[in-house]
Amino acid sequence: MSTLQGLRTATAVLVGAAVAAIATVLVAPPSSVPSPSDRLNVAVVDADATAEVVTAVEDGLGRILVYDYRHPHRAEKPAASFLTGAASEQYQQIYDVLAAVGPRQKLIHRSTVSRVGVQRLTGSSAELLVFLDQETVRTTDGSVNRAPAQIRVEAVRTDDGWRVSSIELL
Amino acid sequence: MTVEVEARADALADRKVVTVRRRGSETADGAAIRRWRHRAYAAAVLALAAGAVLLWQGARPDAVPTDTAHAAETRDQVLIAASAAVETLNTLDHRDVPGGIDAWESVTTGGLGDQIEGIGEKEVVALAKAGAVSTARVVEAAVVELDVSAGSAEVLAFTEVTVTPRSGADAIDRHRYVVELQRVDERWLVTALTPMELER
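From first to last, the protein sequence lines are chains A and B. Going by this note's numbering, the first residue of the first sequence is number 1, and it counts up by one from there. Going by this note's numbering, the first residue of the second sequence is number 1001, and it counts up by one from there.
It is worth saying that the hints were derived from the structure and are not from the lab. Quick caveat: nothing in here was measured; it's all calculated off a predicted structure. Check before you lean on any hint, since a few could be wrong.
Said to hold, decoys possible - From the structure, some residues in chain B lie toward chain A, with a derived Cβ separation under 10 Å:
(1) G1051
(2) V1053
(3) T1068
(4) D1114
(5) I1116
(6) L1146
(7) A1150
(8) F1158
(9) E1180
Note that beta-carbon positions come from the ideal geometry of N, C-alpha and C, so glycine has one too.
Just chain A, same shape as in the assembly (with noise of 0.2 Å):
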């Protein structure tokens, strides 16, 4: 073989080689592969980013659990924007059951978020068991009812941060 063909195989064989490597990171975009973040469950361990998804799933379902027959629909707009998916049909379900007595019993209801534990969390999506402690007052006698209630929540991170997309009764 000659110098000539030598150097000729060999620039033929190592931009062959640069093309195969540059197609297969074509072929398997970043997207394809998640990053670190999107696959490991960082619950508990990543301090800082469960501390954020608890305080934002509190918050919000604080704002959206509470029945006011004087305010009927205080909770509707909370609810657009912090519900997504199943979550705003399911939430809907549990408003209902307050909406069908409240008026006439006058009722005054609130839920207030005990406890939270992250059950897995990625950088884009959250599962959660949520605590309640719910405050019923049926302002028409007086009466007073507290119960626990135990809840399972998805969340999604979107561009405007964490939003709810399922709620389960537990």
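On the provided structure of chain A, position chain B as indicated by the hints.
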């Protein structure tokens, strides 16, 4: 950057050409050889760069810090251990109370462990007389605190306990607990099991 690399490649190519000529082993067209030498060098640089990009791309998804991965694994172990322990601690068969208490002892340590060790003969007899069978299931649980180096953790657990009395229908009790755990010889044991009361 590129200009520099090419210049260096040129310099190298020239030196090689000089060596080849001095040996006088080739009579091929010197200009063509030089041109192809340049191309080969350029191709080598390109291939190296592409290879580096490929390596970087391939390595990136696995670039999870070892500490984080280890902590995540520990968290999962804590959740499994806590759930199993809470089920054990809510399970008792009146036909084998000592066996049930032994099981409780095996999943506890510290304060709760001491409490269970302190269960006397009277209480065992009372539990056996009560004649109930309790079986528990953890519906959902979540780790809320974890200190890997200290070997301590806190878990929330929501449980369903089915109590079958001597006579009559089963009753289902639902409890939510805060579970404190401590690592002892690579095992996560419960030091406290606190039912969560409603905040008044």
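Each hint, compared with the structure:
1. G1051: 6 Å, holds
2. V1053: 6 Å, holds
3. T1068: Check passed: Cβ of T1068 (chain B) comes within 6 Å of chain A, closer than 10 Å.
4. D1114: 26 Å, violated
5. I1116: 25 Å, violated
6. L1146: Hint on L1146 (chain B): holds, closest Cβ of chain A at ~5 Å, below 10 Å.
7. A1150: 14 Å, violated
8. F1158: Hint on F1158 (chain B): holds, closest Cβ of chain A at ~5 Å, below 10 Å.
9. E1180: Nearest chain A Cβ about 14 Å off; hint violated.
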